[in-house]
Amino acid sequence: MTRTYRWALYIVLGAVVFAMLSPIYWLVQTSLKSPAEMASFPPTWWPSHPQFSNYTDAISKVNFIGATQNSLTIAFITTTLTTLSSAWVGFGFARLTAPGKKQLFVILLSTMMLPGIVTLVPTYLIFAKLHMVNTYWPWVAWGLGGSAFLIFLFRQFFAGIPREMEEAAIIDGCGYVGIFWRIFLPQSWPVIAASVILSFTGAWGDFVGPAMFLSQDSTTLAVAMASGYVNDKGLPMNNLVAAGAVMYVLPVLVLFMFMQRRFVSGFATSGIK
Amino acid sequence: MSSALTEVRRTAAPAAVERPARGKKPPTLRKARTFYLFVAPWIIGFVALTVFPLGYAFWLSLTDSDGLSPKTHFVGFDNYIEIFHDPLTISSLAKTGVFTLVTVPLGILAGLLLAVILNQPIKARGLFRALIYLPAVVPPVGAALTFRLIFDRDAGAANGILSSLGLDPITWLVDPNARYVLYGLVMWGCGGSMIISLAGLQDIPRELQEAAQVDGASYWQSFTRITIPLLSPVILFQIITGVIGSLQSFAPLLLSSGSLSGAGTVPQGNYMYMIHVFAQYFSASRFGYASAMLWMLFAVILLVTLVIIKVSAKTVFYTVEPEGKK
Numbered sequence: 001m002t003r004t005y006r007w008a009l010y011i012v013l014g015a016v017v018f019a020m021l022s023p024i025y026w027l028v029q030t031s032l033k034s035p036a037e038m039a040s041f042p043p044t045w046w047p048s049h050p051q052f053s054n055y056t057d058a059i060s061k062v063n064f065i066g067a068t069q070n071s072l073t074i075a076f077i078t079t080t081l082t083t084l085s086s087a088w089v090g091f092g093f094a095r096l097t098a099p100g101k102k103q104l105f106v107i108l109l110s111t112m113m114l115p116g117i118v119t120l121v122p123t124y125l126i127f128a129k130l131h132m133v134n135t136y137w138p139w140v141a142w143g144l145g146g147s148a149f150l151i152f153l154f155r156q157f158f159a160g161i162p163r164e165m166e167e168a169a170i171i172d173g174c175g176y177v178g179i180f181w182r183i184f185l186p187q188s189w190p191v192i193a194a195s196v197i198l199s200f201t202g203a204w205g206d207f208v209g210p211a212m213f214l215s216q217d218s219t220t221l222a223v224a225m226a227s228g229y230v231n232d233k234g235l236p237m238n239n240l241v242a243a244g245a246v247m248y249v250l251p252v253l254v255l256f257m258f259m260q261r262r263f264v265s266g267f268a269t270s271g272i273k
Numbered sequence: 001m002s003s004a005l006t007e008v009r010r011t012a013a014p015a016a017v018e019r020p021a022r023g024k025k026p027p028t029l030r031k032a033r034t035f036y037l038f039v040a041p042w043i044i045g046f047v048a049l050t051v052f053p054l055g056y057a058f059w060l061s062l063t064d065s066d067g068l069s070p071k072t073h074f075v076g077f078d079n080y081i082e083i084f085h086d087p088l089t090i091s092s093l094a095k096t097g098v099f100t101l102v103t104v105p106l107g108i109l110a111g112l113l114l115a116v117i118l119n120q121p122i123k124a125r126g127l128f129r130a131l132i133y134l135p136a137v138v139p140p141v142g143a144a145l146t147f148r149l150i151f152d153r154d155a156g157a158a159n160g161i162l163s164s165l166g167l168d169p170i171t172w173l174v175d176p177n178a179r180y181v182l183y184g185l186v187m188w189g190c191g192g193s194m195i196i197s198l199a200g201l202q203d204i205p206r207e208l209q210e211a212a213q214v215d216g217a218s219y220w221q222s223f224t225r226i227t228i229p230l231l232s233p234v235i236l237f238q239i240i241t242g243v244i245g246s247l248q249s250f251a252p253l254l255l256s257s258g259s260l261s262g263a264g265t266v267p268q269g270n271y272m273y274m275i276h277v278f279a280q281y282f283s284a285s286r287f288g289y290a291s292a293m294l295w296m297l298f299a300v301i302l303l304v305t306l307v308i309i310k311v312s313a314k315t316v317f318y319t320v321e322p323e324g325k326k
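Chains as they are written, first to last, in UniProt numbering: chain X, 1 to 273; chain S, 1 to 326.
Because the hints were derived from the structure by calculation, they are not lab data.
Ideal placement from N, C-alpha and C gives every residue a C-beta, glycine not left out.
Which bits of chain S does chain X cover? Going by a derived footprint, with three or more residues having C-beta under 8 Å, they are:
1) 33-41
2) 48-62
3) 255-261
4) 297-309
Between the sequences and the hints, there should be enough to build the whole structure, so can you do that?
Have a look at this one:
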């Protein structure tokens, strides 16, 4: 690799990184501006007097604490149930045989291509009929059903564990539930970690689900942030929007920074293996 | 929904009861039963939360249901016929098509280019990868709000740059500029595509490229003749998931009012198919017609996916799975 070529690469990468990070910079600096500074044109590149009170205002202006609790509850339900259920089903596909298994597996893989929103709207109508709108039951149901992609991830992992493990356990009188619970699940922590991260960020980021299934006063942070900060005239209060958005996005970014490898392995395997 | 749980328990119980009779049952039958015990949650979930809603939507699409009044009439395929006479449906489908044709190839190309650059042995490439990927993990609502702020008429960075260059400010979030903000928002997440392509590149055995170089192939030749063919399944996967995602995108809603009933606030240029579906459901309460629109979208997505798979069958190169690869 020549010197000039190497430098050209760094310049391109520097420009891309700048383009990728500057929106986040703009979000943070907007979150610290006063309404007066927001109204002046041209905009300043850094707030003249950083207003940290925007953050407390953003918390009190909408039901921030309540929405955070709802987001966390839904994320917790989704994460634990989806992970456990997907591991359970993935074990079945990896370790057991039965007539119809091949066809079921093909169906499983093709459901990954189903358009999610197309089924979500009629699901809403069904849950409305069952009076389960504005409860957490829909998330319990989705969680128990598992996620096709995560089932696939677990299956791939379990299929790679040597057969002797399972045979030894069977000789010792251990049933398949015990084999799954005591031998396979404890070994699969890399997949569990990926699954927890994927389902947590998915649930935390979901907008349509809570917007449809929960009422305005019991909704999640994602929904509250998307439309919550408006003044009496119905105009958005952009400095508060920014402060709220920073607090909403931050947990995911922190999770990403600490668990980068799991994020990447989770998303990256989606296409290939 | 508790029925999924009880259902699982119910299937679990007989298996436990029959355990003492282990010796009499043929082992394959027992194993088959255990298999279905394990996959039951997914099967029940798939039937209850996917097949049944789709069927219900199809039934609704044959009625004039508004979700409230008890009197719904069977109208046959009237709703489907209306789709072809509703100019908003047709134009929104066309806009969705353009959006897909622009953003999917651009996103994949940008991701591929970045992946190729970051697959080379340069310093701090781990850091570069992480920083470029970062926007892809920002939740959609957070990303849309950020772009709303950047392209705000008065307080946005975009107009700040224009004014420091001596140009007049632009109202970005309305027609005809809103669509460029939408494209920008989608492209901000192209790090996701980079990560998938990067994983694909790392799977290509290094010896292949080295052998080509020994034989005197240029970098470009080894890229087009070795890297691209070996990467083609990964690219195909990204095209399919990208197209499916784009066709049902509702990102314009998040860029404007940020509420499900706010389809009216979406600029005409961003009035895509899903926005029109939301308008029919949540503003007009035309459940029957909106369900027909959803089935239409389902059919379009299915058709497009099949066409892509068919067309690509000759160009996509699948290696035989090496033995022991999991």
